[in-house]
Amino acid sequence: MRHLRVSVQFRTAAALLALIWLTGCDGDSPAQPDSLVTLAVTSGKEMPFHGPAGPGTEPMSITFQWTVALTVAGGPGVTVRAIRTELREPNYAGRLSVATGPEAFNGRISPGGILLVPQSSSGLFSSALYPGQWEANASVDVLHPNGKAETLQTAFSFR
1 MRHLRVSVQF RTAAALLALI WLTGCDGDSP AQPDSLVTLA VTSGKEMPFH GPAGPGTEPM
61 SITFQWTVAL TVAGGPGVTV RAIRTELREP NYAGRLSVAT GPEAFNGRIS PGGILLVPQS
121 SSGLFSSALY PGQWEANASV DVLHPNGKAE TLQTAFSFR
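Reminder that position 131 of the sequence shown reads as 131 in our numbering, one-by-one numbering, no gaps.
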């Protein structure tokens, strides 16, 4: 009888442990921590060029180029949904906006991976805006495998 009681207690304990384990995960595997995603902007360049009427005339063309750099450490990696950058200058009423979608860069970054996405924008401006005080903000939408969405942001400037 004692042997039967120990067997029932063992099975009950095993069933309770299995239930505790199942409630702590999604049913496929134990929960994994999110990847750490880092955002930076590198290689910023502001390049002036004469306008359509030739050197010394208004308006002038200004082209901006930069590279958005994402790194992933640990976890299962992430999916990058969109990279958006907005540029503004205090003496210019408008804004320049650039958006790059996952079709341009495959969208997935594995742990230990680096994603470099070049972006650029240009326009015709008064020569008073070169060199200007152009400020920019890059934002990146990422999705973790557990469904958690995250938006990373960083500011940079062209001076």
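The reader is advised that the hints may include incorrect statements.
[What the hints assert, rightly or not] Label pairs and their calculated CB-CB ranges: (1) Met47 / Gly113: 22 to 32 Å; (2) Gly123 / Asp34: 15 to 25 Å; (3) Lys45 / Pro90: 15 to 25 Å; (4) Gly74 / Leu116: 18 to 28 Å; (5) Gln153 / Gly112: 19 to 29 Å; (6) Ala53 / Arg108: 44 to 54 Å; (7) Pro59 / Gln133: 49 to 59 Å.
The hints are simulated quantities; they were obtained by calculation from the structure and are not laboratory data. C-beta atoms are modelled at their ideal positions from N, C-alpha and C, and glycine is treated no differently.
Each hint tested on the structure:
1. Met47 / Gly113: 22 to 32 Å: holds (30 Å)
2. Gly123 / Asp34: 15 to 25 Å: violated (38 Å)
3. Lys45 / Pro90: 15 to 25 Å: holds (20 Å)
4. Gly74 / Leu116: 18 to 28 Å: holds (20 Å)
5. Gln153 / Gly112: 19 to 29 Å: Given range 19 to 29 Å: holds, Cβ gap about 23 Å.
6. Ala53 / Arg108: 44 to 54 Å: Holds: the Cβ-Cβ distance is about 46 Å, inside 44 to 54 Å.
7. Pro59 / Gln133: 49 to 59 Å: With Cβ atoms ~18 Å apart, the hint is violated.
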